[in-house]
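**Student:** So the chains spell out like this:
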Amino acid sequence: MMHPKTVAVLILILLSAISDSVAQSPHGAWVDIVPMTRRLFGANDVSDIALAVGWSSNTTANGWRAMVGLDLSEETQDSFGTTITNRNRQTHIRVGRRWRMGDPAAERTCWLNLGLDGLHSSDHIGSESSNIDFSSTNETTETRAGLSGVMGIQCRLSKGFHLVTEARLDAVYTREQVRVFDSFGGNFNQDNDGWNAVLNPPLQLMLVLEL
Amino acid sequence: MMQNRLFILFATTLVLLVACTSEAPVGPPQPVLPEVTPSYRTATAAVFGISFPSEFDAPYFDERAQLGRVLFHDRMLSQNGAVSCNSCHLQSHGFAEPKALSTGLRRELTERNASHLANPGSQFAYFWDGRANDLTTQVTMPIENHVEMGFRSLDDLVLRLDQLDYYAPLFEAAFGDAEPRVDRIQEALSTFLRSMVTCNSKVDQAVAPAMQEFWNPWGVMDGSITLDGLNALEREGFELFHGEAQCANCHGGPHFNGWGMDFADIGLDAEPVNSSGTTVNTGGGFFGGWGPTAMKVPSLRNVALTAPYMHDGRFATLDDVLDHYSHGIQDVPTLDPRLRDWGQTTITGGPDLIDQIFFPGTEFNGDLPPVRLNFTPQERLALKAFLNSLTDHTFVQDARFSNPFTTP
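Heads up: the protein sequence lines correspond to chains F and R, in order. Start counting the first sequence at 5; every next residue gets the next number (the numbering used here). Start counting the second sequence at 79; every next residue gets the next number (the numbering used here).
It is worth saying that the hints were derived from the structure and are not from the lab. Please note: incorrect hints may appear among the correct ones.
[As the list claims (entries may be wrong)] Per label pair, the in silico range of CB-to-CB distance: (1) E78/F - D398/R: 48 to 58 Å; (2) P455/R - R42/F: 37 to 47 Å; (3) G153/F - Q475/R: 44 to 54 Å; (4) P455/R - L209/F: 57 to 67 Å.
[Said to hold, decoys possible] A partial selection of chain F residues facing chain R, derived with a Cβ cut-off under 10 Å: (5) E79; (6) Q94; (7) T95; (8) H96.
As the structure is a prediction and not an experimental result, all values here were calculated from the model. Ideal Cβ positions, reconstructed from N, Cα and C, are used throughout, including at glycine.
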């Protein structure tokens with residue numbers, strides 16, 4: 005159940021985004037091309053589904069941006085009679101404002117963007133195993149919510165096509181839940197809560213298409 | 079009539095299909111052990127300074143080592159039954175793993191390359207960052223690690239071992255009591271590791287007759303000790319290793335590991351940061367480490383089997399390693415002073431020199447460039463021949479250290 009204040013803030017952001025999108029153009033669709041290129045080049049640790057897509061109210065000037073990322077994988081292995089299933093689920097949502105540095109009207113190839121995002125992310129890694137004598141569960145879920153300062157570089161490849169990469173400093177409230185138990189009676193539960201600051205290097209490379 | 083025949087044919091096929099596809103349910107694998115516990119003491123170990131407790135001091139030594147062998151290879155020591163110690167420490171690879179980083183119980187990657195195991199009982203620091211200096215407590219640290227084996231509480235491991243029926247007789251034999259306890263698990267595993275003695279390589283056989291008193295490679299250099307059994311190239315490599323190539327400055331001692339207590343930043347990266355890019359504390363260790371970027375100097379025993387090399391497994395071959403020491407050492411302030419070119423200074427000793435050794439990174443030290451040994455093709459061949467002659471083939475085939483379970 006979301007707190008009413010959180011709902012109000014989200015509605016405010018949504019309304020602002022809609023009003024911006026109506027007032028300005030061009031809009032942009034974003035897609036992170038790193039997972040796709042990794043898959044093309046055959047990276048062996050690539051997830052089953054790795055996708056980050058987004059939308060912006062204005063690709064060449066100040067505007068609102070939203071980004072949703074999914075990273076899902078599931079693998080089942082038979083380890084000599086023990087069936088082990090590992091599941092990883094990562095979801096990330098970022099909504100925020102971007103300000104273009106410099107003169108928006110100038111026909112530059114590359115420019116800097118500064119931004120501020122609200123973010124929510126959840127990382128879950130879990131393992132379940134079983135054989136006729138034994139079963140176990142081992143799960144870690146880390147949920148983060150907070151604000152993020154962003155500095156990005158945007159380059160225009162050609163009309164309607166841009167590349168963006170961003171470094172981010174997240175200030176987040178993190179909740180980590182660990183649940184470990186097995187049928188032999190092993191049982192471990194741990195919750196850790198606290199504030200964290202995380203510097204994210206520019207590991208995403210996003211292709212932006214003007215709509 | 080025809081319909082009846084078709085029905086019988088269909089029913090027979092169905093029965094055969096079911097019979098072929100149904101599998102007997104399988105439980106956790108069981109260990110298969112010799113009827114008489116073998117001796118886990120290695121007679122020639124004393125020559126290389128490895129001692130075992132006497133029969134009087136440790137009457138259950140062999141039984142504890144045998145229990146440790148089962149624990150070491152048992153996948154049930156990981157929380158979900160996916161991995162054992164043996165999963166990352168493979169006997170055929172000198173108890174290393176031929177991967178840069180290993181995968182743990184949930185297929186997550188470990189932060190560092192799995193160290194190989196060569197005479198662990200004669201070392202004084204464990205893990206690449208030397209954060210453990212007692213083998214008895216070190217052995218359960220990977221079991222508790224959330225990436226490696228995933229037991230958040232060793233009490234849960236005790237609960238589990240208590241219910242696996244093959245452990246009761248093993249604990250009874252090893253401790254006179256069938257009850258598993260954390261300290262007994264640690265004792266058994268560390269006893270097994272202490273029993274893993276590797277000192278039967280070509281070099282060991284050549285050196286052993288002359289090593290009754292103390293480790294004396296200089297005897298080889300001055301000609302008073304001959305290395306019978308090594309060919310000319312291997313002998314040349316031995317002399318290079320202990321002389322001009324300066325390898326023994328760090329990898330000295332009878333186990334080629336700096337006497338098991340040395341750490342060094344070998345200039346792998348141009349930036350003086352933790353090379354693995356993690357936030358793991360790199361301090362600690364027997365001497366408190368040589369700095370936040372220093373890693374443990376590993377033993378070179380069985381080195382030909384333990385690729386890839388370095389703490390992050392960045393070098394796939396011995397040639398890559400030789401390339402690094404030949405011309406690839408990066409000039410970082412934290413570089414170990416032994417890897418600087420001391421030939422470019424007039425200082426040959428005294429307090430100033432001692433300061434540089436104990437406080438690397440000072441201004442004076444930084445003036446000296448990294449050493450460039452620029453090995454010739456012949457020197458590389460000789461060094462590789464010597465490193466290959468450090469392989470103890472009996473160790474990697476020794477049944478006492480092998481997997482006792484019916485399945486890997």
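**Student:** Compare the structure with each hint and give your call.
**Tutor:** Quick rundown of the hints versus the structure:
Our hint of 48 to 58 Å for E78/F and D398/R is violated, since their Cβ atoms are close to 36 Å apart. Hint check: P455/R to R42/F, Cβ distance near 38 Å, so the stated range 37 to 47 Å holds. The given range of 44 to 54 Å is broken by G153/F and Q475/R, whose C-beta atoms sit roughly 58 Å from each other. For the hinted restraint 57 to 67 Å between P455/R and L209/F, the CB-CB distance of approximately 42 Å leaves it violated.
The closest approach between the C-beta of E79/F and any C-beta of chain R is roughly 7 Å, which is under the 10 Å cut-off, so the hint is satisfied. Because the smallest distance between the Cβ of Q94/F and any Cβ of chain R comes to about 13 Å, over 10 Å, the interface hint for this residue is violated. A distance limit of 10 Å between C-beta atoms decides the matter here; for T95/F the minimum to chain R is near 18 Å, and the interface restraint is violated. Restraint check, H96/F versus chain R: the minimum CB separation of about 19 Å is more than 10 Å; hint violated.
Comparing the model with each earlier hint shows violations of hints 1, 3, 4, 6, 7 and 8; every other hint is respected.
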